[in-house]
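Undergrad: Sequence:
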Amino acid sequence: MALKAVIFDLDGTLINSAIPFKKMKSRIIKYLERIGVTPDLLNEEMMNFEITHKAVKDLKSKGFSEKYIKKALDEVSNLMNEDELESSDEASLIPGVPETLKALKDQGLKLGLMTRSCRKYAEKILGRFDLRKYFDVILARDDIENPKPDPSHAIELLKLLNVSAEEALFIGDHWSDAECAKRSGLKFVLFRQDGNSHIWKSEVSKIKNIKEILRIIKRSG
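First residue of the sequence shown: 1, per this note's numbering; consecutive thereafter.
In short, the hints are calculated from the structure, not lab data. Backbone N, C-alpha and C define an ideal beta-carbon position, used for all residues, glycine too. Treat each hint with caution, since some may be false.
Stated by the list, open to error - DSBU-like, lysine-lysine: derived pairs with alpha carbons at most 35 angstroms apart: (1) 70 <-> 159; (2) 120 <-> 4; (3) 124 <-> 159; (4) 30 <-> 67; (5) 67 <-> 57; (6) 60 <-> 71; (7) 22 <-> 211; (8) 22 <-> 120; (9) 57 <-> 182; (10) 218 <-> 102; (11) 218 <-> 4; (12) 23 <-> 70; (13) 110 <-> 159; (14) 30 <-> 133; (15) 120 <-> 105; (16) 211 <-> 133; (17) 57 <-> 159; (18) 218 <-> 67; (19) 54 <-> 218; (20) 23 <-> 57.
Unchecked claim - Ranges of calculated distance between the beta carbons of each label pair, as one might list FRET restraints: (21) 26 <-> 65: 25 to 35 angstroms; (22) 70 <-> 23: 23 to 33 angstroms; (23) 129 <-> 219: 21 to 31 angstroms; (24) 75 <-> 185: 32 to 42 angstroms; (25) 73 <-> 22: 37 to 47 angstroms; (26) 36 <-> 107: 47 to 57 angstroms.
Using the sequences and the accompanying hints, generate a full structural model.
TA: See the structure below:
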């Protein structure tokens with residue numbers, strides 16, 4: 001089936017992020033423990049979605065109401081938003097990104113952005129580097145109930161792009177991107193500037209330069 005759309009992750013794929021993840025996780029964990037989550041249940045080695053999932057399960061087991069838990073999750077989201085937005089001016093553009101996006105659009109392909117960052121951060125970053133004009137659809141963390149690696153994030157984005165999973169390709173730098181692609185039926189390409197991809201299965205396509213995606217698409221076409 002002919003390729004109709006290319007989907008990109010944001011942090012680590014289009015930009016070098018400056019988000020202070022360790023600080024963010026520390027703030028989130030301290031807040032959750034303060035409102036009733038069992039101390040030492042959470043740690044900074046977890047991803048944010050793992051922290052919130054464990055916290056919700058723990059709070060539910062203790063009989064906290066849905067309203068209480070929703071309020072807690074809203075506050076966690078606010079903490080994440082703050083750290084993301086405060087770091088946006090420190091982010092840097094990955095070499096070759098503008099040229100690659102332009103080349104893809106010139107080929108008539110639709111472009112989508114799927115990120116676990118908040119929409120305000122994504123829009124600010126794209127605007128800062130003049131990349132917004134290339135994207136047909138953006139789907140951020142706060143646009144959807146269950147962000148990646150949950151497949152619903154990709155499924156909703158595909159729906160908005162009006163293409164099937166077989167007609168799209170997803171490029172990301174993290175295992176959660178690969179997991180989301182696998183669970184939603186998307187073809188996946190791993191982008192690692194450092195070339196550190198030895199932990200990945202051999203069947204995953206890998207690139208070190210974002211412009212290489214053009215070669216992969218040409219070859220598959």
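Undergrad: Compare the structure with each hint and give your call.
TA: Evaluation of the provided hints:
For the suggested pair residue 70 and residue 159, the alpha carbons sit about 27 angstroms apart, so the restraint of at most 35 angstroms is met. Simply put, residue 120 and residue 4 have alpha-carbon atoms about 27 angstroms apart, close enough for the 35 angstroms limit, and the pair holds. Restraint check for residue 124 and residue 159: the C-alpha separation of about 24 angstroms stays at or below 35 angstroms, so the hint holds. A C-alpha spacing of about 20 angstroms is found between residue 30 and residue 67, which places the hinted pair at or below 35 angstroms, so the restraint holds.
Restraint check for residue 67 and residue 57: the C-alpha separation of about 14 angstroms stays at or below 35 angstroms, so the hint holds. Between residue 60 and residue 71, the direct Cα distance comes to roughly 13 angstroms. Compliance with the 35 angstroms bound is thereby established for this hinted pair. Straight-line distance between C-alpha atoms of residue 22 and residue 211 comes to about 31 angstroms, which keeps the hinted pair within the 35 angstroms bound. Between residue 22 and residue 120, the direct Cα distance comes to roughly 21 angstroms. Compliance with the 35 angstroms bound is thereby established for this hinted pair.
Taking the CA atoms of residue 57 and residue 182, the gap is about 26 angstroms. The hint holds against a cut of 35 angstroms. Only pairs whose Cα atoms come within 35 angstroms are accepted, and residue 218 paired with residue 102 is accepted, the gap being roughly 15 angstroms. A threshold of 35 angstroms between alpha carbons decides the hint, and for residue 218 with residue 4 the separation of about 13 angstroms falls inside it, so the pair holds. Taken as a hint, the residue 23 and residue 70 pair is honoured in the structure, with Cα atoms around 23 angstroms apart against an allowance of 35 angstroms.
Simply put, residue 110 and residue 159 have alpha-carbon atoms about 12 angstroms apart, close enough for the 35 angstroms limit, and the pair holds. Straight-line distance between C-alpha atoms of residue 30 and residue 133 comes to about 39 angstroms, which puts the hinted pair past the 35 angstroms bound. Annotation: proposed proximity of residue 120 to residue 105 holds, straight-line Cα distance about 24 angstroms (limit 35 angstroms). Restraint check for residue 211 and residue 133: satisfied, since their Cα atoms lie roughly 19 angstroms apart, inside the 35 angstroms limit.
A distance of roughly 30 angstroms separates the Cα atoms of residue 57 and residue 159; the hinted pair therefore holds under the 35 angstroms criterion. Distance hint between residue 218 and residue 67 is unfulfilled; the C-alpha atoms sit about 51 angstroms from each other, more than 35 angstroms. Restraint check for residue 54 and residue 218: not satisfied, since their Cα atoms lie roughly 43 angstroms apart, outside the 35 angstroms limit. For the given pair, residue 23 sits about 23 angstroms from residue 57 by alpha-carbon distance, which is consistent with the 35 angstroms threshold.
A hinted range of 25 to 35 angstroms holds for the C-beta pair residue 26 and residue 65, which are about 27 angstroms apart. The hinted window of 23 to 33 angstroms between residue 70 and residue 23 holds, with their beta carbons roughly 25 angstroms apart. Checking the proposed 21 to 31 angstroms range against residue 129 and residue 219 shows it holds: the Cβ atoms sit about 28 angstroms from each other. Between residue 75 and residue 185 the C-beta distance comes to about 35 angstroms, which sits within the given range of 32 to 42 angstroms.
In this structure the supplied range 37 to 47 angstroms is violated for residue 73 paired with residue 22, their Cβ-Cβ distance being about 21 angstroms. At roughly 52 angstroms, the beta-carbon separation of residue 36 and residue 107 lies within the given 47 to 57 angstroms, and the hint holds.
When the structure is compared with the earlier hints, violations turn up for hints 14, 18, 19 and 25 and for no others.
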